[in-house]
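Undergrad: Line by line, the protein sequences give chains A and B. This note's numbering puts the first sequence at residues 1 to 391. This note's numbering puts the second sequence at residues 1 to 391.
There may be inaccurate statements among the hints.
When chains are identical, the list treats them as one kind, so a pair holds in a single copy or across two.
Below, in silico cross-link-like pairs of lysine-lysine (DSS-like), each with a Cα-Cα straight-line distance of 27 Å or less [unchecked claim]:
| no. | residue 1 | residue 2 |
| --- | --- | --- |
| 1 | K321 | K141 |
| 2 | K60 | K229 |
| 3 | K83 | K262 |
| 4 | K230 | K293 |
| 5 | K230 | K301 |
| 6 | K321 | K293 |
| 7 | K326 | K284 |
| 8 | K301 | K321 |
| 9 | K229 | K110 |
| 10 | K7 | K384 |
| 11 | K311 | K298 |
| 12 | K7 | K91 |
| 13 | K245 | K342 |
Hints in this document: simulated from the structure, not taken from any laboratory.
Protein chains: 2
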Amino acid sequence: MEKKIIKNKKGPLNGLLILDLTRVLAGPYATMVLSDLGARIIKIESPDGDDARQFGPFIKGKSTYFSSLNRNKEAITINLKDKKEKNIFLKLLKHADVLVENYRPGTLAKLGLSPNSLRKKYPKLIIASCSGFGQTGPWNKKPAYDVIVQALGGIMSLTGHEGHPPVRVGSSIGDITAGLFTVIGIQAALFNRTKNNKGSHIDISMLDCQIAILENAISRFYSEKKIPKKLGSRHPSISPFEAYKCKDNFIVVAAGNDNLFKQFCRCLNINLLLNNKDFNKNVKRIKNAEKLKIIIEKVLKENNANYWIKKLEKSGVPVGKVNNIKEAISMKQIRSRNMIVKVKNKNITELEVSGNPIKISGFVDANHRNKAPELNANRNSILKEFNIEDI
Amino acid sequence: MEKKIIKNKKGPLNGLLILDLTRVLAGPYATMVLSDLGARIIKIESPDGDDARQFGPFIKGKSTYFSSLNRNKEAITINLKDKKEKNIFLKLLKHADVLVENYRPGTLAKLGLSPNSLRKKYPKLIIASCSGFGQTGPWNKKPAYDVIVQALGGIMSLTGHEGHPPVRVGSSIGDITAGLFTVIGIQAALFNRTKNNKGSHIDISMLDCQIAILENAISRFYSEKKIPKKLGSRHPSISPFEAYKCKDNFIVVAAGNDNLFKQFCRCLNINLLLNNKDFNKNVKRIKNAEKLKIIIEKVLKENNANYWIKKLEKSGVPVGKVNNIKEAISMKQIRSRNMIVKVKNKNITELEVSGNPIKISGFVDANHRNKAPELNANRNSILKEFNIEDI
Chain A
1 MEKKIIKNKK GPLNGLLILD LTRVLAGPYA TMVLSDLGAR IIKIESPDGD
51 DARQFGPFIK GKSTYFSSLN RNKEAITINL KDKKEKNIFL KLLKHADVLV
101 ENYRPGTLAK LGLSPNSLRK KYPKLIIASC SGFGQTGPWN KKPAYDVIVQ
151 ALGGIMSLTG HEGHPPVRVG SSIGDITAGL FTVIGIQAAL FNRTKNNKGS
201 HIDISMLDCQ IAILENAISR FYSEKKIPKK LGSRHPSISP FEAYKCKDNF
251 IVVAAGNDNL FKQFCRCLNI NLLLNNKDFN KNVKRIKNAE KLKIIIEKVL
301 KENNANYWIK KLEKSGVPVG KVNNIKEAIS MKQIRSRNMI VKVKNKNITE
351 LEVSGNPIKI SGFVDANHRN KAPELNANRN SILKEFNIED I
Chain B
1 MEKKIIKNKK GPLNGLLILD LTRVLAGPYA TMVLSDLGAR IIKIESPDGD
51 DARQFGPFIK GKSTYFSSLN RNKEAITINL KDKKEKNIFL KLLKHADVLV
101 ENYRPGTLAK LGLSPNSLRK KYPKLIIASC SGFGQTGPWN KKPAYDVIVQ
151 ALGGIMSLTG HEGHPPVRVG SSIGDITAGL FTVIGIQAAL FNRTKNNKGS
201 HIDISMLDCQ IAILENAISR FYSEKKIPKK LGSRHPSISP FEAYKCKDNF
251 IVVAAGNDNL FKQFCRCLNI NLLLNNKDFN KNVKRIKNAE KLKIIIEKVL
301 KENNANYWIK KLEKSGVPVG KVNNIKEAIS MKQIRSRNMI VKVKNKNITE
351 LEVSGNPIKI SGFVDANHRN KAPELNANRN SILKEFNIED I
């Protein structure tokens with residue numbers, strides 16, 4: 001009989017207290033990831049609340065945008081411009097491991113809460129600042145939103161079809177990647193703190209993060225001195241590696257090496273290409289990708305996408321459908337990996353949102369989250385727990 | 001006089017030894033991020049080497065693709081199918097904190113190195129597995145590449161213009177986000193290990209990570225029951241928030257709230273819109289975004305992009321150019337934040353690559369990296385250091 005493994009419900013970051021001054025997306029996404037890993041998040045809002053509470057669509061008057069990012073958090077409002085209220089914040093900070101904020105640089109200082117002064121007062125505190133352009137540099141005070149850093153950072157110049165109007169990546173990866181790097185920074189600082197018992201200040205810029213995810217575009221530009229272009233659905237250095245039109249729909253194919261290309265040609269009955277000087281090596285296929293596409297689509301158009309997917313899968317050629325959101329979240333693989341979880345209010349499902357992609361042994365991968373808090377919802381319990389008198 | 005702050009050259013993850021069995025992109029990207037934070041990475045390749053060593057473009061016969069991802073790492077080849085060689089690997093594992101791998105699920109087990117057996121033998125070891133579809137579920141053994149998970153995961157259905165052919169996000173965010181979540185998982189496991197002295201096994205799926213970055217598309221679908229569509233450069237829930245054509249070039253504008261919209265209208269001298277029932281609220285502007293765009297572009301086309309950027313910036317409206325890669329990496333803000341670093345071989349710059357977007361107080365943000373290792377380059381020094389006899 002196998003030994004029963006008892007899994008911990010509380011996540012690897014259980015025990016961490018994170019005070020969260022962030023609004024809208026990048027910061028709240030970071031603390032959502034930390035919360036999914038077991039950290040406790042106390043969201044501190046101005047009395048007006050996070051702007052995202054006003055972003056549609058709404059269910060029963062509540063923003064689903066806000067709900068999906070702030071599930072599982074606790075909420076308290078604090079007016080940091082008011083001296084007495086600020087005092088509550090400072091008392092809470094005594095207990096916190098991490099403070100996350102995404103104000104424009106300089107805002108905390110104006111409130112008398114500069115990261116340097118806070119670190120002097122709370123030497124173990126880790127402070128993470130996430131902003132559009134970072135705490136330093138000539139642009140540090142400029143405002144930024146996702147589409148601005150996607151445009152400035154270069155990814156929009158690589159995305160779409162040449163000659164067509166600009167394309168923004170269809171989810172806000174300007175914010176989201178900044179959120180992910182913020183989490184990585186916080187955890188690195190936590191690791192460091194286990195060694196020297198000291199906190200740190202982490203400075204994340206959304207624009208910097210766009211540069212960090214450009215992959216090989218920078219080295220391609222450096223080595224070829226040519227400005228990388230938009231390639232539609234094509235990969236710059238592997239071919240065939242793009243979307244092709246079948247009779248009914250598009251499929252994507254990724255024949256990442258010569259052997260897979262061989263299998264691909266067999267399935268399409270275009271073996272002649274294997275000995276053709278224009279296509280017999282990956283380098284040549286990249287050069288002649290347009291020509292290759294015409295040959296491939298001529299064959300694919302004879303049958304439907306499903307026919308080709310089955311046939312190519314059998315031969316081990318990586319292939320897939322261009323799923324819409326409904327199809328994507330319905331995939332058996334996604335469901336079996338608990339990647340769509342329910343947000344519950346008492347026992348009623350209010351919303352479905354993405355789950356935790358970090359599956360880690362020994363811990364329960366919960367299939368639901370508590371609902372996002374109403375404004376100031378947990379004020380009393382939080383103040384009581386930390387023995388702080390309300391004003 | 002201010003006290004001189006002495007910064008640590010070695011990064012917050014200094015002291016960690018990471019054995020890296022990964023190839024191509026997702027895994028190497030993860031260990032690159034860990035290396036930038038100070039962890040020591042020993043890259044273990046099969047005698048044939050990482051496939052990416054063959055990916056162009058090349059400088060002096062060396063792959064810049066490989067060089068940019070594997071800068072600062074050490075390299076040793078081990079044939080894990082050979083018993084004696086495998087023994088070297090097992091001896092190295094004794095000293096490692098983390099093992100990262102991105103084989104297809106089941107491959108390690110076939111080599112007699114299943115994560116479970118390794119964890120029994122090395123209870124403190126953290127093992128991170130990053131694969132196309134994850135270690136579990138009906139699709140776990142299927143092959144995946146970036147474009148496949150971008151297609152299946154839904155982001156391609158949100159990216160591009162409706163009616164135009166499919167668009168892949170122009171950098172491999174299928175791999176890159178999986179790499180980032182792998183780093184987050186590893187660091188969460190490290191934190192947990194400081195509490196109980198036990199390792200974990202982390203299971204990351206590229207497809208899961210695509211679901212995790214869909215932002216509000218899932219909750220929008222859940223609440224509205226309509227399948228989210230491609231929006232070109234538009235944001236689904238904020239307007240104006242997209243690219244607009246000026247006389248010469250496109251600019252992106254993000255007037256994220258009513259006040260910014262007011263400023264925007266003033267700059268364009270279209271104040272009448274503020275009282276127009278079709279445009280006086282964000283919800284209405286989203287509904288009428290097409291109509292609004294026509295009005296806006298009619299005005300913007302009278303002047304060049306630079307004219308409008310200066311004017312809008314003065315009024316505090318978030319605005320930017322759609323930069324190409326050359327323009328992006330030349331930005332003063334990027335350079336001043338050390339986001340482009342040199343890869344050096346002895347004292348000669350071989351390549352320029354993206355820097356570390358995690359700026360953390362107390363640590364030097366190095367402006368160069370050591371070159372990526374040749375195949376097996378550090379064999380002798382590694383084996384000597386750990387007192388392992390070569391075969």
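Undergrad: When Cα atoms must be at most 27 Å apart, do K7 and K91 count as within-copy, between-copy, both, or neither?
TA: For K7 and K91, the Cα distance exceeds 27 Å both inside one copy (34 Å) and across copies (30 Å).
Undergrad: Go through the copies and call it for K230 and K301: within, between, both or neither, with a Cα cutoff of 27 Å.
TA: Both: 25 Å inside a copy, 24 Å across copies.
Undergrad: With identical chains treated as interchangeable, where does the CA-CA distance between K311 and K298 reach 27 Å or less: within a copy, between copies, both, or neither?
TA: Within one copy only: 17 Å inside, 50 Å across.
Undergrad: Between K230 and K293, at a C-alpha cutoff of 27 Å, which is it: within one copy, between copies, both, or neither?
TA: Classified as both; 16 Å inside a copy, 24 Å across copies.
Undergrad: When Cα atoms must be at most 27 Å apart, do K321 and K293 count as within-copy, between-copy, both, or neither?
TA: Classified as within: same-chain Cα gap 17 Å, cross-chain 32 Å, threshold 27 Å.
Undergrad: First find the shortest C-alpha distance between K321 and K141 inside one copy, then the shortest across copies, and answer within, between, both or neither for a cut-off of 27 Å.
TA: between (43 Å within a copy, 18 Å between copies)
Undergrad: Pop the pair K7 and K384 into one bin, within, between, both or neither, using alpha-carbon distances up to 27 Å.
TA: Answer is neither; intra-copy 31 Å and inter-copy 40 Å both fail.
Undergrad: Up to 27 Å between alpha-carbons, please classify K83 paired with K262: within, between, both or neither.
TA: neither (71 Å within a copy, 32 Å between copies)
Undergrad: Is it within, between, both, or neither for K245 and K342, if the alpha carbons may be no more than 27 Å apart?
TA: neither (36 Å within a copy, 42 Å between copies)
Undergrad: My question is about K229 and K110: at a cut-off of 27 Å on alpha-carbon distance, are they close within one copy, between copies, both, or neither?
TA: neither (43 Å within a copy, 42 Å between copies)
Undergrad: At 27 Å max between alpha carbons, let me know whether K60 reaches K229 within a copy, between copies, both or neither.
TA: between (45 Å within a copy, 24 Å between copies)
Undergrad: Could you place K301 and K321 in one of the four classes (within, between, both, neither) given a Cα distance threshold of 27 Å?
TA: Within one copy, since 15 Å is at most 27 Å while 39 Å is not.
Hint violations for this structure: numbers 3, 9, 10, 12, 13, all remaining hints satisfied.
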